[in-house]
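Build out the structure end to end from the sequences listed, making use of the hints.
2 protein chains.
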Amino acid sequence: MDVRRLVEAKARAAREAAQALALCPTRTKNEALGQMARGLEEKAAALVEANRADLARARAAGVTPAFLDRLTLTEARIEEMASGLRQIAALPDPVGALVESWRRPNGLEISRVRVPLGVIGFIYESRPNVTADAAGLCVKSGNAVILRGGSEAIESNAMIAAVLGKGLEKAGAPADAIQFVDTTDRQAVAVLLELSDLVDLIIPRGGEEFVRWVAEHSRVPVLKHDRGVVHVFVDADADLEMATAIVMNAKVQRPSVCNALETLLVHRDVAPRFLPAAAARLSEAGVELRGCPRTLALVPGARPATPEDWDTEYLDLILAIRVVDDLDEAIRHIRRHGSGLAEAIVTNTLAHARRFTRAIDAAVVLVNASTRFVDGNQFGMGAEMGISTSRVHARGPVGVQELTTIKFVVQGDGQVRE
Amino acid sequence: MDVRRLVEAKARAAREAAQALALCPTRTKNEALGQMARGLEEKAAALVEANRADLARARAAGVTPAFLDRLTLTEARIEEMASGLRQIAALPDPVGALVESWRRPNGLEISRVRVPLGVIGFIYESRPNVTADAAGLCVKSGNAVILRGGSEAIESNAMIAAVLGKGLEKAGAPADAIQFVDTTDRQAVAVLLELSDLVDLIIPRGGEEFVRWVAEHSRVPVLKHDRGVVHVFVDADADLEMATAIVMNAKVQRPSVCNALETLLVHRDVAPRFLPAAAARLSEAGVELRGCPRTLALVPGARPATPEDWDTEYLDLILAIRVVDDLDEAIRHIRRHGSGLAEAIVTNTLAHARRFTRAIDAAVVLVNASTRFVDGNQFGMGAEMGISTSRVHARGPVGVQELTTIKFVVQGDGQVRE
Chain H
203 MDVRRLVEAK ARAAREAAQA LALCPTRTKN EALGQMARGL EEKAAALVEA NRADLARARA
263 AGVTPAFLDR LTLTEARIEE MASGLRQIAA LPDPVGALVE SWRRPNGLEI SRVRVPLGVI
323 GFIYESRPNV TADAAGLCVK SGNAVILRGG SEAIESNAMI AAVLGKGLEK AGAPADAIQF
383 VDTTDRQAVA VLLELSDLVD LIIPRGGEEF VRWVAEHSRV PVLKHDRGVV HVFVDADADL
443 EMATAIVMNA KVQRPSVCNA LETLLVHRDV APRFLPAAAA RLSEAGVELR GCPRTLALVP
503 GARPATPEDW DTEYLDLILA IRVVDDLDEA IRHIRRHGSG LAEAIVTNTL AHARRFTRAI
563 DAAVVLVNAS TRFVDGNQFG MGAEMGISTS RVHARGPVGV QELTTIKFVV QGDGQVRE
Chain L
203 MDVRRLVEAK ARAAREAAQA LALCPTRTKN EALGQMARGL EEKAAALVEA NRADLARARA
263 AGVTPAFLDR LTLTEARIEE MASGLRQIAA LPDPVGALVE SWRRPNGLEI SRVRVPLGVI
323 GFIYESRPNV TADAAGLCVK SGNAVILRGG SEAIESNAMI AAVLGKGLEK AGAPADAIQF
383 VDTTDRQAVA VLLELSDLVD LIIPRGGEEF VRWVAEHSRV PVLKHDRGVV HVFVDADADL
443 EMATAIVMNA KVQRPSVCNA LETLLVHRDV APRFLPAAAA RLSEAGVELR GCPRTLALVP
503 GARPATPEDW DTEYLDLILA IRVVDDLDEA IRHIRRHGSG LAEAIVTNTL AHARRFTRAI
563 DAAVVLVNAS TRFVDGNQFG MGAEMGISTS RVHARGPVGV QELTTIKFVV QGDGQVRE
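As you go down the protein sequences, you meet chains H and L in turn.
Numbered according to our numbering, the first sequence spans residues 203 to 620.
Numbered according to our numbering, the second sequence spans residues 203 to 620.
Think of the hints as simulated: they come from the structure by calculation, not from any bench.
Just to be clear, a hint being listed does not mean it is correct.
[To be verified] To spell it out: a stretch of chain L is covered by chain H in this simulated footprint if at least three of its residues, at any positions, have a beta carbon under 8 Å from a beta carbon of chain H; those stretches are: (1) 397–408; (2) 560–570; (3) 606–613.
Every residue, glycine too, gets a C-beta built ideally from N, C-alpha and C.
Dropping the structure here:
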């Protein structure tokens, strides 16, 4: 079958299943999530076996050890996937929730009620556990999903998706609600992006360039998950112990993720007291420092930052540092170089906290907290499809609620318009 | 200046102004709306004069009298535009509203706060009053707007936009927040749709084919406002007086709008008692009837409906009628032919009302009420940019709240992630 027909057939099956899944009661969806979890546990040995084929191909292609690690499925990781599905089952069902309701002077009752989006196309990178998370979030929110994972994990993902579909079936939910695009043909993505009559939302996760390409070529609405050029601004009167702890946590705890710190901005009045000690801590932790001239004067070990550094998402143990004159200069820097994901201020001045949170236009603005908290689970919203940097539909962590839309329900007693 | 540079320059100016407008207090925005209203009133004579040039061109092009009427500006219509702006000023400001807020076990306080979308590109048809409504809604919601009206109204729209911009200035708000694309070159729309770095949302209003073209070609997210193939299902036990009143109102009161009725579905058990009398009332009101075979047997004056009729948005005094076996067949018909805008049931059976509202996937589902209520003002949401048939971001009437996005604000006391 050619790629176009393959992808279209899957999308059509998903569309049909979506109608049925949208009407499934919460109990059925939770039972399905439980069956999906049990299925993964029961098939753990076979999944590890399928994963071996992916690993062998990856090794032959000479990928990095870090990549190989992310690709690897172990019994423990499969148990984590199952446990993730059970956690999703425990979340409240967003479908059917009454968002608001009011009565009009003529007696009409207007309600806004949550309903599933329909069919979601999810395009993601290599880690196979993402397959189970994404499918689980879509099932819980009543959406069918078309999964298109990285080609390196295709054997693992195909088997995971098959096991999950069986789980749906066992619970009496439509197995077709989980579709997996089982081809490594790159054309498949382009076809998926054209199917605006069959797919309601595309969620791409991956490199910045890829996400941008998807957003520009898709005829289906796209929820972008792209880069995080994340700043922390240390204000003149910041508690320096707090500032150091937040900077260390934001930069070092997990540098490879989008909510990790990339550029540190420091008020010039506090820089001499703050920077030398903070830089020493960072260097100790293996962080390479790149600074503006004023930073270099205080931190001789740092390398000079180039203009590109201010726009770079390192995703690594590298930190750019700039000394700024005041809050205004920090805001201007962030407006110019920030990617709109997460921005933080460390301050004790209430007026500065208020000004920063109003003036900075990002999905998440933080005061006196680490940017590493920018995460659905950390926010208490449950698991997430990613962190949206789109402005429309959903901004920030995309959990089950963000995978719904609303429907107006109007109830009357025969009212007509004058 | 070529079209690309023209549109880009306007978008850049809008982007800059949007940043300032987003931070304007409610008082400034309301003062601006008042100044915009006063400006229209003061320039009424000049506006009527500019409108004459549009009317002369339209007459020479041989447009219909209805088109000419929609294009015409009178002192009374200008007063209506001014009054519309004052009504928008009286709406609550959506910006800064706290959507929800909660505290995490570690003491972090998470809030979701409404903020403007940024820059909105609004592409619309001929009636010049839409220019003032759209600009007013965008100003109130803190967004800059790039207006691209129908070329037939370009002189009228250009002057309205200029007057509105002056109003912003007088209130100390950025005049550049209202941009008008003052060229009839069709290329301007294509350029606007490419500017994904400068424009945050495109709202197209117009014919179905045009809206679809925009949605398929835009690199900027699109909120669709397309067609309404609207159904009313009269159930077996419907109150027939109520059903007749709703059908008459939905079809006849204003047939040229998207929430008007296009296809009437009637339960076979009630058809013999309902259809002949209802058809007589409709015919009296000048409605042409097109029916399925069972309808024709009861309404001999009707013409046979063709398969195309079930998918047609007449926007005119024409009604397609089909007799169905039961609620399930009505639901199947609507799923197949409905456009997802508005669908209504007239029934006395609670279980049927519940099933219909759950099974029908439309922006608005109505029980025992006329579909003509599907309108922002009628819902109590204030004026609207249109009725969205998109599933993402906003569905149904798009008022000031729907022109915003959210920002997470996280407040802590130095928390870091474990």
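Here is what the structure says about each hint:
Here's how the region 397–408 of chain L fares: 3 of its residues keep a CB closer than 8 Å to some CB of chain H, so the rule of at least three is met and the hint holds. With 10 residues bearing a CB less than 8 Å from a CB of chain H, the region 560–570 of chain L meets the requirement of three and the coverage assertion stands. For the region 606–613 of chain L, the stated coverage by chain H holds: 7 residues have a C-beta nearer than 8 Å to a C-beta of that chain, and at least 3 were required.
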